[in-house]
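Take any residue in the sequence shown, note its place counting from 1, add 4, and you have its number in our numbering.
Heads up, some of the hints might be wrong.
[To be verified] Simulated crosslink set (BS3-like; lysine-lysine; CA at most 30 Å straight-line): (1) Lys186 / Lys247; (2) Lys226 / Lys247; (3) Lys153 / Lys186.
[Stated by the list, open to error] The following label-pair restraints were derived from C-beta to C-beta distances: (4) Asp173 / Arg59: 32 to 40 Å; (5) Pro256 / Leu62: 26 to 34 Å; (6) Arg74 / Asp202: 20 to 28 Å; (7) Arg145 / Tyr61: 19 to 27 Å; (8) Ala56 / Ala26: 12 to 20 Å; (9) Trp66 / Pro155: 28 to 36 Å.
Bear in mind the hints are in silico, worked out from the structure with no lab data behind them. For every residue, glycine included, the Cβ atom is placed at its ideal position computed from N, Cα and C.
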Amino acid sequence: MYKRIRKQLTGIVRSANEPRGACSGSDHVPEFEPHRHIRLLTFNIQVGIHTASYRHYLTRSWQHILPHRRRIENLDRIAHLIRNYDVIALQECDGGSLRSGYINQVQYLAEAASIPYWYQQLNRNLGQIAQHSNGLLSRFRPLDVTEHKLPGLIPGRGAIIARYGSADDPLVLVLMHLSLSKAAQQRQLGYIREQIADYRHVVLMGDMNNHAEELLTQTPLKETDLVPLPDTAHSFPSWRPEKALDHILVSPSLEIRRSEVVSYPVSDHLPIALDVALPKGYLETF
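Please work from the sequences and hints to get the whole structure.
Rendered as structure tokens:
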């Protein structure tokens with residue numbers, strides 16, 4: 005798909021009737037390697053729109069509806085970054101509509117970055133206008149992947165849960181994009197809390213639209229012992245980061261080897277990266 009699209013930039017809008025998948029399948033995806041550390045990245049890509057100032061929300065707003073030739077160039081820049089990571093959580097992707105040239109952006113990025121496994125969660129289906137989605141990209145074969153519709157007054161928010169390693173004691177990654185409303189966040193994180201309650205090794209990744217301190221003290225996540233990045237890990241807006249809205253929260257059992265806000269302003273959010281190592285006790289289960 006990636007090579008084909010690159011050859012067709014002069015005709016970016018392809019037929020809307022071409023089949024589009026939601027998952028790559030796992031036949032050729034390597035098994036999970038529990039002996040190594042894992043490089044994680046979460047990135048709100050704003051459907052491939054390059055936003056570099058507040059005025060672009062107005063002057064480039066049409067790109068949320070109509071295709072634009074430079075969107076592919078921006079996706080290629082994102083692919084250049086994400087090829088350095090093992091598991092990537094993507095928010096604000098388009099699953100294949102007019103505005104993206106009927107390109108499944110999750111699939112495109114996976115193939116452009118040579119990442120074998122991808123999973124697209126369609127959260128808000130506006131037909132030909134927009135296919136609002138989350139995405140999972142992985143170099144390892146997950147045990148299983150499930151998608152969850154998050155509660156809220158306005159539907160359209162979701163989470164992807166991927167489990168790796170041993171079924172008895174898995175590494176659980178939850179990829180999400182939370183609502184702006186604090187009331188909706190309470191309900192959504194209450195739901196997430198129920199999903200992770202029985203697991204020891206958990207990672208929450210995504211655009212949570214709130215600061216870590218409030219998430220971990222004023223929401224149902226206060227019942228967990230998740231560890232955040234420093235509160236100075238500001239990711240929004242990308243041209244002048246002042247707010248820490250994007251997070252990777254991990255269980256204490258996971259050793260954090262490196263964390264950073266990646267200076268890569270190709271969206272209105274900056275990506276967040278984290279390297280973790282699994283505990284020795286976990287390795288003994290394999």
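Notebook entry, point to check: In ascending order, which of the hints set out earlier in this document are inconsistent with the structure?
Noted result: Of the numbered hints given earlier, those the structure breaks are 4, 5, 6, 7, 8, listed in rising order.
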